[in-house]
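Could you build the full structure based on these sequences and the hints that come with them?
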Amino acid sequence: MRLSKLRADVLALLFLLPFLIVYVLYTIWPMIKGVEMTFYKWTLIRKMSYIGLDNYKRLLQDSEVWAAIWHSTIFVILTTPTMVVLAIVLALIANRKSRLQKLYRSVFFIPSVLSVAVASFLGLFIFQPYMGFVNTFLHLLNLLPQDSEIFWLSETWLSWIAVSVITLWWTVGFNFILYLSAMQEIPDEIYEAARLDGANDWQVFWRITLPHLSPITKTITMLQIISSFKVFLQIYIITGGGPLDKTRPIIQLIYQTGFRKNDLGYAATMSYVVFIILLVLSAIQYWVNNRKGEHA
Amino acid sequence: MKKGFGMTLAMLLTAALALSACGSNNSGGNGGNNGGSNTPGNNESSSPDNSGGGSKVTLSFWTLFSGGDGDNMQKLIDEFNKSHPDIQVKNTKLEWGEYYTKLITAVGNGNGPDIGISHTSRLPDLINQGVVTELDDVAETAGVDWGTYNENLLSATAVDGKHYAVPIDTHPFIMYYNKKLLRDAGLLGDDGKPVLEQSADGFIAFLDTLKQKLPAKVTPFALSNSNDDPFRLWWSLYHQLGGNDVISDDLSSASLDADKGAKASEYIQNIYAKGYIKKNDPDFYKNFQSGTAAIMMTGVWATGTWEATKELEFGAMPIPKIFDQEATWGDSHTLILPVTKSEDPEKRKAAITFADWIAENGQVWAKAGHIPSKPSVFDKQEYKDMPYRGDYASVADTVKFSKPSTKNWSIRDNALFKYLNEVWASKMTPADAMVKMQDAIQKTLSE
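From first to last, the protein sequence lines stand for chains Y and B.
Counting the first sequence from 1 gives a position; our numbering is that position plus 4.
Counting the second sequence from 1 gives a position; our numbering is that position plus 25.
Mixed in with the good hints there might be a few duds.
Simulated DEER-style distance windows between Cβ atoms [what the hints assert, rightly or not]:
#: 1; chain 1: Y; residue 1: 259; chain 2: B; residue 2: 253; range: 15 to 21 Å
#: 2; chain 1: B; residue 1: 276; chain 2: Y; residue 2: 291; range: 50 to 56 Å
#: 3; chain 1: B; residue 1: 253; chain 2: Y; residue 2: 223; range: 27 to 33 Å
#: 4; chain 1: B; residue 1: 464; chain 2: Y; residue 2: 259; range: 21 to 27 Å
#: 5; chain 1: B; residue 1: 118; chain 2: Y; residue 2: 61; range: 55 to 61 Å
#: 6; chain 1: B; residue 1: 369; chain 2: Y; residue 2: 61; range: 44 to 50 Å
#: 7; chain 1: B; residue 1: 464; chain 2: Y; residue 2: 223; range: 44 to 50 Å
#: 8; chain 1: Y; residue 1: 103; chain 2: B; residue 2: 298; range: 54 to 60 Å
#: 9; chain 1: B; residue 1: 471; chain 2: Y; residue 2: 216; range: 57 to 63 Å
#: 10; chain 1: Y; residue 1: 210; chain 2: B; residue 2: 253; range: 28 to 34 Å
#: 11; chain 1: Y; residue 1: 291; chain 2: B; residue 2: 295; range: 54 to 60 Å
#: 12; chain 1: B; residue 1: 253; chain 2: Y; residue 2: 281; range: 30 to 36 Å
#: 13; chain 1: Y; residue 1: 281; chain 2: B; residue 2: 274; range: 42 to 48 Å
Hints were generated in silico from the structure; no laboratory data involved.
No experiment lies behind these values; they were computed from the predicted model shown.
Every residue gets a Cβ at the ideal spot worked out from N, C-alpha and C, and that includes glycine.
Below, the structure written as structure tokens:
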């Protein structure tokens with residue numbers, strides 16, 4: 005019995021091996037190498053010199069790094085709740101029995117198939133002054149005087165709004181699909197029973213739909229926090245981190261430090277700080293979820 | 026049963042993988058063998074098939090040019106390959122945004138090209154990283170005469186008296202004007218040149234007349250509101266005032282002349298504030314190209330684009346002398362010989378011959394608008410036949426290059442663009458910006 009289990013394990017390992025080799029070589033090994041890099045001055049070409057904890061000391065005093073981490077946090081705060089709420093609203097719309105059901109589903113999901121570059125450039129054109137869609141539309145409705153323009157991408161808070169709106173539009177489809185499938189798994193009998201008891205739409209939503217969605221909401225929230233914290237390309241393309249680096253997220257700073265300033269050691273140090281932040285966030289989330297699970 | 030099927034499938038897949046791996050191994054091996062047997066065959070000049078007699082040198086050349094520049098470079102390479110049967114240059118076009126990163130990493134692991142391109146301003150960084158080689162020895166062997174190059178361009182590529190690059194052009198910041206609009210505003214002279222008093226007040230008066238006389242939808246001065254081009258204008262005016270780069274001669278500390286820097290940025294801020302430049306213009310090239318802007322400033326590379334634009338009647342001239350002396354921003358494309366594994370002297374000699382030939386045939390390269398690096402090209406009929414270029418060729422002598430610091434691009438991106446952009450948007454006073462820039466330059470230098 006024992007022997008046959010061992011044999012099965014060996015066999016399984018054998019089949020896993022091709023993947024494992026690639027995984028170790030291209031994911032695990034670079035991660036370990038990354039730790040080493042944080043202790044060196046390291047350029048794109050080669051290891052320069054051992055500098056001990058200098059990268060870490062420098063990081064603690066580097067206001068640019070903390071500002072960038074704060075900017076990523078702002079983005080998380082702006083996009084996570086909106087992403088969850090919008091996804092639920094869209095799923096509710098698409099889940100209603102209606103002739104347009106199929107249309108809703110595809111329309112809400114289609115933006116997700118765009119690549120980040122396409123979505124960002126669309127965003128760039130939409131929010132452009134003079135010719136952009138948003139300003140032209142506001143002019144058309146006379147909400148904006150004809151001779152004035154809103155410079156979405158030149159003011160810090162307007163830039164945040166622009167980037168968040170584009171990200172919402174672009175990525176909400178994925179969460180929407182998750183919610184839609186979760187909603188369809190809620191048994192119809194519960195709704196019927198509630199209706200018989202005289203519950204109105206509002207009560208049905210708050211007392212039945214939402215509680216049943218709570219496990220998926222936890223998952224989505226966690227995934228969303230992590231992916232929002234890792235935001236880079238859409239901001240890089242739309243605002244470039246400006247004005248005055250006030251929308252520059254930490255990943256952009258890591259990219260610029262590593263590949264523009266040719267300082268891979270310091271960039272690796274920042275990456276590890278981000279890694280630790282995400283690890284802590286995930287741990288808190290996990291802990292909170294499990295504790296609630298026990299009591300429920 | 027189910028398990029058995031899964032097993033079979035897995036075995037089949039594994040077998041297929043193993044087989045295909047064998048297949049690719051085999052063909053790889055063959056390719057390698059062929060390559061191996063070819064190379065010695067080529068080197069053995071005793072081979073009767075080699076009617077040329079000498080051995081043929083093949084050079085790999087990495088470029089970052091696209092559009093018109095890319096076409097012109099390809100034309101030059103084809104021409105060179107035709108006229109030099111013993112040398113074959115192979116062009117690999119890389120994306121401009123990734124070019125330097127790729128070059129540095131490729132050279133770092135020994136897979137770099139035989140010839141590469143570098144901007145003069147980026148050269149010190151490449152030298153420092155050990156990417157480029159010194160050229161003096163090989164230039165002597167190949168008989169390259171450094172004296173045939175424009176002194177201002179050449180000296181910007183030499184460090185400690187040693188040559189590291191062959192400049193093929195300079196692409197300074199100049200001014201373009203729309204002749205039709207200037208004529209409408211009564212500002213075009215009989216010679217087809219703008220009626221413009223070359224002084225601080227004169228230029229403002231010129232812009233003001235354009236604004237008064239032309240319809241409201243016409244932009245007097247097309248310029249972007251951030252980053253490169255307004256920075257280039259600032260750099261030009263700062264040097265017109267007698268400024269000398271933003272770092273000290275020993276390249277170790279920030280030495281921005283705050284008074285001159287503030288004066289130059291205040292002048293430009295005023296141009297923005299008075300509305301001569303369209304606020305946050307999304308595309309100032311298009312603005313000028315579609316004939317809705319009276320003047321514009323950018324690098325000479327735009328000349329070819331304007332020429333290809335139908336019904337755009339334009340002229341080109343150096344940046345006006347607004348302050349004390351003529352000066353403008355500029356950079357150069359240079360050819361470099363990156364560090365290679367073998368450092369084959371034959372290849373290096375062929376490579377520098379190619380580089381010198383490209384500079385010698387600057388009239389082709391000038392089609393895109395660049396100013397050739399060899400003054401002798403100015404006298405070629407082909408060059409003279411091209412309009413506009415002659416109007417700004419003299420600028421080559423007044424270009425103010427950056428000092429040879431390895432941090433030039435970092436300083437520009439992280440210390441200068443950022444705060445100047447705030448000044449243009451009137452969110453920061455010029456004096457405050459200079460203080461912040463000085464700090465940021467110092468920070469970049471000490472990193």
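Going down the list of hints, with the structure as the test:
Between residue 259 (chain Y) and residue 253 (chain B) the beta carbons are some 20 Å apart, a value that agrees with the proposed interval 15 to 21 Å. For residue 276 (chain B) paired with residue 291 (chain Y), a C-beta distance near 52 Å keeps the hint of 50 to 56 Å intact. Evaluation of the 27 to 33 Å hint for residue 253 (chain B) and residue 223 (chain Y) yields a failure: the beta carbon distance comes to about 45 Å. Distance hint check for residue 464 (chain B) and residue 259 (chain Y): the Cβ-Cβ separation is about 23 Å, which falls inside the suggested range of 21 to 27 Å.
Roughly 43 Å separates the CB atoms of residue 118 (chain B) and residue 61 (chain Y), a value that falls outside the hinted 55 to 61 Å. As the Cβ distance of residue 369 (chain B) to residue 61 (chain Y) is approximately 46 Å, the hint placing it in 44 to 50 Å holds. In this structure the supplied range 44 to 50 Å holds for residue 464 (chain B) paired with residue 223 (chain Y), their Cβ-Cβ distance being about 46 Å. Between residue 103 (chain Y) and residue 298 (chain B) the beta carbon distance is about 57 Å. The supplied range of 54 to 60 Å therefore holds.
About 58 Å separates the C-beta atoms of residue 471 (chain B) and residue 216 (chain Y), a value consistent with the hinted range of 57 to 63 Å. One distance hint, 28 to 34 Å for the beta-carbon pair residue 210 (chain Y) and residue 253 (chain B), is violated here, with the actual separation near 55 Å. In this structure the supplied range 54 to 60 Å holds for residue 291 (chain Y) paired with residue 295 (chain B), their Cβ-Cβ distance being about 58 Å. The hinted window of 30 to 36 Å between residue 253 (chain B) and residue 281 (chain Y) holds, with their beta carbons roughly 34 Å apart.
Our hint of 42 to 48 Å for residue 281 (chain Y) and residue 274 (chain B) holds, since their Cβ atoms are close to 43 Å apart.
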